[in-house]
Amino acid sequence: MANAKQIEELKNILLERKELITRNIQGSRDSIDSLKNSECNDEYDYAEVSSDSFKEGIIANQQIKELNEIEDALKRIDKGTYGICEMCDESIAIGRLRAKPFAKYCTPCREIHEQEQ
Numbered sequence: 001m002a003n004a005k006q007i008e009e010l011k012n013i014l015l016e017r018k019e020l021i022t023r024n025i026q027g028s029r030d031s032i033d034s035l036k037n038s039e040c041n042d043e044y045d046y047a048e049v050s051s052d053s054f055k056e057g058i059i060a061n062q063q064i065k066e067l068n069e070i071e072d073a074l075k076r077i078d079k080g081t082y083g084i085c086e087m088c089d090e091s092i093a094i095g096r097l098r099a100k101p102f103a104k105y106c107t108p109c110r111e112i113h114e115q116e117q
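Reading the sequence shown from the start, the letters are residues 1 to 117 in full-length UniProt numbering.
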């Protein structure tokens, strides 16, 4: 299980990532707004703008999902349940937390969860 110092380090990583993602999401929204306001002279321009808007939207949605996972991890830190698998209540390995600081499941439970999905 992660000790207090490791949890603090991971919390800082989560907070930095949260800030970066928040900026990226706003950038994507600004980009989509800009694309909506661009002039389309023909069907090719329209197709390009639509494709770019679609890609920006997908990226923003993925980042919103990660942002929600980060916020959940920060709540678990505050509650004192961070680093404990939500499925089996065992400690999540520090290596896994370093690789994915918002992990909710230990490696064996993650595999089970993914198979069920």
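Keep in mind that a hint or two might mislead.
Unchecked claim - Here are the simulated DSSO-like pairs of lysine-lysine, each with C-alpha atoms no more than 30 Å apart in a straight line:
hint: 1; residue 1: Lys65; residue 2: Lys79
hint: 2; residue 1: Lys5; residue 2: Lys79
hint: 3; residue 1: Lys75; residue 2: Lys65
hint: 4; residue 1: Lys100; residue 2: Lys11
hint: 5; residue 1: Lys100; residue 2: Lys79
hint: 6; residue 1: Lys18; residue 2: Lys75
hint: 7; residue 1: Lys79; residue 2: Lys104
hint: 8; residue 1: Lys104; residue 2: Lys11
Bear in mind the hints are in silico, worked out from the structure with no lab data behind them.
Just so it is clear, the structure is predicted and the values come from calculations on it, not from any experiment.
> Which earlier hints can't be squared with this structure?
Replying inline: No hint contradicted; all consistent.
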